[in-house]
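Chemist: Residue strings, one per chain:
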Amino acid sequence: MSSAYRRLFLLLAVLSMSACSMEPWVKPYERDRLADPIMAFDRDPVSSAYIDHVREAREGARGATGSGGGGCGCN
Amino acid sequence: MQPAAAEVVVVVTSPRAAITQRSMSIGRGSGRLAVLAGLWLVSLVSIAAVLPEDRADGLYHYYNGGGIQIDGPSLLVRKKVANNVSVSANYYVDNISSASIDVVTTASKYEEKRTQMSLGIDYLHDDTIMSASFTTSDENDYAADTMNFSISQEVFSGLTTITMGYGRGSDVVTRRGDNVFSEDVDRRAYRLGLSQVITRNLLVGFFYETITDEGFLNNPYRTVRYIDSNPGNLLGYAYEPEVYPGTRTSNAGSVRARYHLPYRAAVYGSYRYYTDTWDISAHTAEVGYTHTLGDPWVFDFSLRYYTQTKAEFYSDLFPFQQAQNFLARDKEMSTFSNNAVRLGVSYDLIRDGWSFIDRGSINLIYERIMFNYDDFRDLRGTAPVGEEPLYGFDADVIQLFFSIWF
Chain Y
1 MSSAYRRLFL LLAVLSMSAC SMEPWVKPYE RDRLADPIMA FDRDPVSSAY IDHVREAREG
61 ARGATGSGGG GCGCN
Chain P
1 MQPAAAEVVV VVTSPRAAIT QRSMSIGRGS GRLAVLAGLW LVSLVSIAAV LPEDRADGLY
61 HYYNGGGIQI DGPSLLVRKK VANNVSVSAN YYVDNISSAS IDVVTTASKY EEKRTQMSLG
121 IDYLHDDTIM SASFTTSDEN DYAADTMNFS ISQEVFSGLT TITMGYGRGS DVVTRRGDNV
181 FSEDVDRRAY RLGLSQVITR NLLVGFFYET ITDEGFLNNP YRTVRYIDSN PGNLLGYAYE
241 PEVYPGTRTS NAGSVRARYH LPYRAAVYGS YRYYTDTWDI SAHTAEVGYT HTLGDPWVFD
301 FSLRYYTQTK AEFYSDLFPF QQAQNFLARD KEMSTFSNNA VRLGVSYDLI RDGWSFIDRG
361 SINLIYERIM FNYDDFRDLR GTAPVGEEPL YGFDADVIQL FFSIWF
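Taken in order, these protein sequences are the chains called Y and P. Residue 1 is where the first sequence starts when you use this note's numbering, and the numbers rise one by one after that. Residue 1 is where the second sequence starts when you use this note's numbering, and the numbers rise one by one after that.
Since the hints were derived computationally from the structure, they do not count as laboratory data. For every residue, glycine included, the Cβ atom is placed at its ideal position computed from N, Cα and C. Please note: incorrect hints may appear among the correct ones.
Rough simulated footprint, nothing fancy, chain Y against chain P, three-plus residues with beta-carbon under 8 Å [unchecked claim]: (1) 50-63; (2) 208-215; (3) 311-319.
Bound-form chain Y, shown alone:
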């Protein structure tokens, strides 16, 4: 490995490590509001799965709903 590549690799490694180990801009003790159940994207999976099914059976679009799997396997 040439010196230039080694420096580049070193730089990328430092940047990568610093990104992953950086101080979070929202500290754990600041996440109380995010932890509130009303902030959940999918508060009740049994309900969201049902309504996804209702929509998918009646609309042409499908997917990217954020839940585990799209499609109902039905026509």
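Please arrange chain P on chain Y, whose structure you already have, making use of the hints.
Modeler: Leaving out everything else, chain P in the frame of chain Y:
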């Protein structure tokens, strides 16, 4: 293929537990590459994710609209069986009574039952959750088996969760009263998700999904209509079977956000763009507001708008028989839009624990969906061919469910 469990967003959906389990500290590295690499790896794995909570839900669902009535139960149970393994099971039934516009104009009313069962497992390893689920759905003329796999990883001190998923489905299409007819469908789904903490009040999620279908993709009962100038045909039109392409690939991308207000309430919104190889493109937008009243009450209000363009081979009225290779008159393939209004209320029945139950709630959700079709006509009345009124209907969707956490 219904999801058996929440997967990607588990960290975001249960951050209260996540906060208590995350280790935020990590040392600074030296200049040596090996040490840097080691620390980089440690930085990736030192923040623990959490499994979903142990929970059971019993739901009754009811849909009534456009001549179709569907109801039934859905039972979902999730339980940790070890410190790092959670399993889930779902039993779901649709009891269908259909006298839809298609049925009224071209067939006769029917009733049928669809039963679906799912099993899922989630395995937690440090900040990684690996999930697998199997779903089987069965009705008298359609059977579907689906496998889903996903892996989600927390990075950036738990502020970001990245998820990749893959699904594989295998369907068998049959036809009532026809013992010979049997066709297959092969489905594959590829998913990518990213959940991001932006501020102490704001969460954002990005999702992308590609789905490919191959096989018999149309409904074996449905027909298209074409102009029939035969003097013996008083209607002025006749029907022939639909013919769909044997493949379909779709791409959908969405963004969602939730913002916690200064008091205990939240506003949220989402947008999705969809496009596929059948030339359908669609936009979906939703905004909502969640309000709490004391500890036990949660109220939810949302508005949703959906619009799509028609498939390239769709027509309400073809000019003559076999006018083109592919033919569709399924209203889900037409140009249409719908608006939905949703109201939900949740009440915590059990807040301080009772027997083995930590918490319990009762929930009621009502949604009204108003469909308006731009190029699908209502043939129930009498009107000149091609000048019938455009079709539209309203649907009522009700969910009543009990949830317990244990």
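Chemist: Would you mind marking each hint as holding or not holding in the structure?
Modeler: Verification of the hints:
1. For the stretch 50-63 of chain P, the stated coverage by chain Y is satisfied: 4 residues place a CB nearer than 8 Å to a CB of that chain, which reaches the threshold of 3.
2. A count of 4 residues in the stretch 208-215 of chain P with a Cβ less than 8 Å from any Cβ of chain Y is obtained; the coverage claim is therefore met, three being the minimum.
3. Judged by the Cβ-Cβ criterion of 8 Å, the stretch 311-319 of chain P is not covered by chain Y as claimed, because only 1 of its residues qualify and three are needed.
Checked against the numbered hints above, the structure breaks only hint 3 and satisfies the rest.
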